[in-house]
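Participant: Per the numbering used here: the sequence shown ends with 682, consecutive numbering throughout.
It is worth saying that the hints were derived from the structure and are not from the lab.
All C-beta atoms in this analysis are idealised placements derived from N, C-alpha and C, irrespective of residue type, glycine included.
Just so you know, not all the hints are guaranteed correct.
Computed Cβ-Cβ distance ranges for the label pairs, DEER-style [said to hold, decoys possible]:
#1 K622 / S563: 14 to 24 angstroms
#2 D637 / A580: 11 to 21 angstroms
#3 E620 / P569: 15 to 25 angstroms
#4 G567 / S603: 11 to 21 angstroms
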Amino acid sequence: MGDSYSALLQQTGDTGPPSGSWTGSFTSSLLGGPHDEQQEYHFHADGRMTGCVTNEFGEHPLKGTWSSDGSFKYRQIGGDLAEVEGKICRQSAQAKFKTYKDRGLLSSRFVGVVAERRQPKAMAKGPIKGILKKKCIPPYRVCRQVW
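Let the sequences and hints guide you as you build the complete structure.
Facilitator: Structure follows, in structure tokens:
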């Protein structure tokens, strides 16, 4: 998928599946289910797919590909290295996953665009005095990207 794929998207006016936050659940042949899961999917114009998956077993970056018919395939980096293959129709996704010891089904739906990261305010110059009473927590969840 390269320049010809990008040209096809421009010709058809297709921007691909919606990038951003997805939520859903999966069932496992070993663990049963359903188990809640949050996904952050980014569908790039060149056919790449990046993002991360967060569930009770951890947060794992992913990388893969998608095509104009809505099909996608990615591999989680970390954990049990799940391979996921599925299809997106409008704003919902159905997929199958497999690892070296497990397999199951995943369903999710698009919930919104990920807020842009805000730049932190510059700190005042000079020594910090006293005890910091507030813990700084950014208004977004940072998900390590794999390129």
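Participant: Hint by hint, say whether it matches the structure.
Facilitator: Each hint tested on the structure:
1. At roughly 20 angstroms, the beta carbons of K622 and S563 sit within the given window of 14 to 24 angstroms.
2. Range check, D637 to A580: about 33 angstroms between beta-carbon atoms, so the 11 to 21 angstroms window is missed.
3. A beta carbon spacing of about 19 angstroms between E620 and P569 agrees with the range 15 to 25 angstroms that was offered as a hint.
4. A hinted range of 11 to 21 angstroms is violated for the C-beta pair G567 and S603, which are about 35 angstroms apart.
Going down the numbered hints, you'll see the structure goes against 2, 4, while the others check out.
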